[in-house]
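Asks: Now for the letters of each chain:
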Amino acid sequence: MEVTLKYFGQLVDVMGSHEEIRSIKAQNTQELLEHLQAQYAISHIPFQLAINQKLVDAEENVKLNEGDVVALLPPYAGG
Amino acid sequence: MKKVFIEGPISSTFIGDAIAKHQSKTSIGAHNIFLGQVRADEMEGKSVAAIEYTCYEELANEKLHEIREEAFQKFDLICMHIYHSLGTIKTGEVCFFVFVSAKRRKEVYSATEWIVNQVKDRTPIFGKEIFEDQSHQWKVNS
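Chains as they are written, first to last, in my numbering: chain D, 1 to 79; chain S, 1 to 142.
No lab work stands behind these hints: they were computed from the structure.
Fair warning: there could be bad hints in the mix.
As the list claims (entries may be wrong) - Facing chain D, according to a computed beta carbon distance under 10 Å, are these residues of chain S, among others:
| # | residue |
| --- | --- |
| 1 | Thr13 |
| 2 | Asp17 |
| 3 | Thr54 |
| 4 | Gly127 |
What the hints assert, rightly or not - Covered by chain D, according to a simulated footprint, are these stretches of chain S (three or more residues, beta-carbon under 8 Å):
| # | region |
| --- | --- |
| 5 | 58-70 |
| 6 | 130-142 |
The structure displayed is predicted, hence computed values, not measured ones.
Each residue gets a CB set at the ideal place from its N, CA and C atoms; glycine is no exception.
The shape of chain D in the complex, shown without the other chains (with noise of 0.2 Å):
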């Protein structure tokens, strides 16, 4: 399935872009971390997820869907 991936802060330097669409083999939120970790420096960066603009707890492993845009988003530092 297709879904849009959004990176933040330092991800962005790590992924090399701020969004792609790509074709993901994972079905949930977990298979989805693991497969970025195993190819991507990304393990030292601490991120939460966002799928449609909702949080993901860090413990919660959520279903993925066709066209879902889930959002990588390291500590925030507004103000």
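Based on these hints, arrange chain S on the given structure of chain D.
Replies: Quick look at chain S alone, frame taken from chain D:
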């Protein structure tokens, strides 16, 4: 939805105009303002020259809307405004402006502090600290 994000620094003219716009709201008896300014933090002998702010605008606007609604429930306010910069803001420039108005002064102090903390904790805004030699590090709110 109120516009929060401003490209570039928040000027003193913008802040002055925001105050002036409230002169017609005569039920207000107290304003309180918080201004966040980019600080020249030092790290390993290098100083921060600017912060480049980015955000996840759709989610940020949703969170800011929630904060706004909660602030009106929690405090007896007449109005409130939140502005945050995006893009490159140099040290000494203002990047964050919270403006709270109420009938009396008691409410505005606690409301301002609450709103500032909520924006920092809950809004997906990211800051790249750019040093004088153009190297950078990612800012994390303490």
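Asks: So which of those numbered hints doesn't the model satisfy?
Replies: 1, 2
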